[in-house]
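S.K.: If you read the protein sequences in the order shown, they are chains A and B. Quick note: the first sequence uses the working numbering, first residue 0, plus one each step. Quick note: the second sequence uses the working numbering, first residue 0, plus one each step.
Rather than coming from a laboratory, the hints here were simulated on the basis of the structure. Watch out, some of these pointers could steer you wrong.
Since copy identity is lost for identical chains, a pair holds within one copy or between any two.
[To be verified] Each computed DMTMM-like pair below joins lysine to aspartate or glutamate, with the alpha-carbon atoms no more than 25 Å apart:
| # | residue 1 | residue 2 |
| --- | --- | --- |
| 1 | Lys-32 | Asp-162 |
| 2 | Lys-195 | Glu-146 |
| 3 | Lys-103 | Asp-154 |
| 4 | Lys-32 | Glu-146 |
| 5 | Lys-30 | Glu-146 |
| 6 | Lys-103 | Asp-90 |
Protein chains: 2
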Amino acid sequence: MNITFEEFSNIYNLETNKIEKLLSKLLNNRKPKSLYEPCEYLLSGGGKRLRPFLVLISSRATGGKFKDVYNAAIGIEVLHNFTLAHDDIMDNSDLRRGRLTLHKKYDINTAILAGDNLIAIAYESLLKDCKSNVKKIVQTFTQGIIEVCEGQSLDKEFESRNDVSISEYKKMIYKKTAALAEMSCKIGSLIVNANKKYVNAVSQYGKNLGIAFQIQDDLLDIIAEEEKFGKKIGSDLIEGKKTFLFLNAIKKAVNESDIQLLNNVIKNKGIKPNEVSIYRKLYFDLGVIDLTKKEIEKYTKLALKSLEILPNNDGKQLMIHLANSLINRNK
Amino acid sequence: MNITFEEFSNIYNLETNKIEKLLSKLLNNRKPKSLYEPCEYLLSGGGKRLRPFLVLISSRATGGKFKDVYNAAIGIEVLHNFTLAHDDIMDNSDLRRGRLTLHKKYDINTAILAGDNLIAIAYESLLKDCKSNVKKIVQTFTQGIIEVCEGQSLDKEFESRNDVSISEYKKMIYKKTAALAEMSCKIGSLIVNANKKYVNAVSQYGKNLGIAFQIQDDLLDIIAEEEKFGKKIGSDLIEGKKTFLFLNAIKKAVNESDIQLLNNVIKNKGIKPNEVSIYRKLYFDLGVIDLTKKEIEKYTKLALKSLEILPNNDGKQLMIHLANSLINRNK
Chain A
0 MNITFEEFSN
10 IYNLETNKIE
20 KLLSKLLNNR
30 KPKSLYEPCE
40 YLLSGGGKRL
50 RPFLVLISSR
60 ATGGKFKDVY
70 NAAIGIEVLH
80 NFTLAHDDIM
90 DNSDLRRGRL
100 TLHKKYDINT
110 AILAGDNLIA
120 IAYESLLKDC
130 KSNVKKIVQT
140 FTQGIIEVCE
150 GQSLDKEFES
160 RNDVSISEYK
170 KMIYKKTAAL
180 AEMSCKIGSL
190 IVNANKKYVN
200 AVSQYGKNLG
210 IAFQIQDDLL
220 DIIAEEEKFG
230 KKIGSDLIEG
240 KKTFLFLNAI
250 KKAVNESDIQ
260 LLNNVIKNKG
270 IKPNEVSIYR
280 KLYFDLGVID
290 LTKKEIEKYT
300 KLALKSLEIL
310 PNNDGKQLMI
320 HLANSLINRN
330 K
Chain B
0 MNITFEEFSN
10 IYNLETNKIE
20 KLLSKLLNNR
30 KPKSLYEPCE
40 YLLSGGGKRL
50 RPFLVLISSR
60 ATGGKFKDVY
70 NAAIGIEVLH
80 NFTLAHDDIM
90 DNSDLRRGRL
100 TLHKKYDINT
110 AILAGDNLIA
120 IAYESLLKDC
130 KSNVKKIVQT
140 FTQGIIEVCE
150 GQSLDKEFES
160 RNDVSISEYK
170 KMIYKKTAAL
180 AEMSCKIGSL
190 IVNANKKYVN
200 AVSQYGKNLG
210 IAFQIQDDLL
220 DIIAEEEKFG
230 KKIGSDLIEG
240 KKTFLFLNAI
250 KKAVNESDIQ
260 LLNNVIKNKG
270 IKPNEVSIYR
280 KLYFDLGVID
290 LTKKEIEKYT
300 KLALKSLEIL
310 PNNDGKQLMI
320 HLANSLINRN
330 K
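Using the sequences and the accompanying hints, generate a full structural model.
M.R.: Rendered as structure tokens:
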């Protein structure tokens, strides 16, 4: 019954490889090519495939089997990819995971339409695994999309606002990131007809893990080792993003020159790459790095705590290992 | 049991007014404003509200009541509005129904995100009316979205292709327009648990009516009276669109100068406004206007024929009146 961390890693690799294979076959034989070639480009972009893995382990932890939920898992990954395609247009991003973004590879019109189509393909895939609870499952999925859109809208709104509070920021990351992790876990358990208490437990796990994950993303952007991280360090500051660290630094700064430095990020809509180390030091000096680490730990613990009521099966252990591996990640 | 055309008109006006009211309340109290204000702008743009009316009368014709399907009707109208918002971006249209298009009123990013969100809002509304058949209903709705996206992709693809056949064109309008009419009727009948034969009958009605409607749109663009039409006559030619009339004209032209005239539309990606009357005359001379009228009649008759197996109730009569009123429309 006990699963080691190595066994967890093997299962994660095995299952995310399966997800890759299923994704690569999902759009076979569909036409027109002008629509499906861009869709396939998007889905073949890799990534951690965390959301589908959450669907799998949540179903297993609440009494089901992986094989009950592969289509739902694929559906949620497809949905996630739609959000990436449209977000990249809105953020005018050129690259994602080392490749051209969809609208740069093709054009904006193609990326809009491919994204739209993938929303429907996501529902189509999800529905294949729905046997009972159909209304509840589809409602959960639909609510997830609404949260993501509301989160993205808040995120864009924050770009031009200078009075974003930390609680507003948390609401935004809940909607933009954590809601989909919560939904992944909820759907995994609803499909296998888990009882309400278990559904609630894994949903809370997904939600809190999602929040921890997003705050850690903000943290890694400033303290990761560039080689392992795979992205430029400090890019959030360079782009002038109001991250968890930045908002806390603003709150904690009392020294006139520190306040000035932080206000410059807002005023100039970002900083120069060679200034990153100054802000990195400031974040450390203000205690923002420590505070952020504690916040990540807090949400990870909340995620783990919600699992306590589940019976001790291998699915639960996979969920525990996943939480621990995410808190220790360096990219 | 017999409904006059005047009674039909009264019911149409009454019910589409109800649809307007429901649409205007749909997004009340939702936040953030940066997302929902544009959504409301889009939904308040008016229009014939034909698709929700199809849902209502299909449910009534197959044994249900209007009140069983208002939420589903709203859902389909919301879905239709999402397609308008994203199509207007892709077509770079400035105006729709005399108002600025969503991306011109706001910006492209806002219109993308509002459209995305409305897909989910559409599902949310549809689900409210789902009691049984949930999986089948949601699958039908989802398939409708896929058809619309595939149709839009074909439509954009045709813009840069000079070898579009009439059968390809018909496939495109089926997907882009008729599939949603078919889906409206199918869902209206599925929600009220109609038997399979009746579901099929109203679906065929919606599909054929949708094709007739789109071909008539192409026809009205060239022969409508400008005052009643509300749009500039000949705008399809001005934009160089490969309409049903244009493709048939290409096929029928034998005279060297006629062929030259038609090829100019493709070569120059459209014509000048003052040339519309030349092409109008050409279409008449080549028999394309007559042929198009016959095609519209053919599909309208097919729509009416499929209703024959339905019991003669007021829902069925509304469906017959609607088909007749659409064939006689001038805008």
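S.K.: Work down the list of hints and note, for each, if the structure agrees.
M.R.: Hint check:
In this assembly of identical chains, the alpha carbons of Lys-32 and Asp-162 lie at most 25 Å apart only when taken from different copies (17 Å versus 46 Å within one copy). With identical chains, the CA atoms of Lys-195 and Glu-146 are at most 25 Å apart within one copy only, with a shortest distance of 22 Å there and 36 Å across copies. Taking the shortest Cα distances, Lys-103 and Asp-154 sit within 25 Å of each other both inside one copy (22 Å) and across copies (21 Å). For a Cα distance limit of 25 Å, the shortest separation of Lys-32 from Glu-146 across copies, 14 Å, qualifies, whereas the shortest one inside one copy, 31 Å, does not.
In this assembly of identical chains, Lys-30 and Glu-146 lie within 25 Å of each other by CA distance solely across copies; the values are 10 Å between and 31 Å within a copy. Taking the shortest Cα distances, Lys-103 and Asp-90 sit within 25 Å of each other both inside one copy (12 Å) and across copies (19 Å).
This entry satisfies every hint, going by the numbered hints stated previously.
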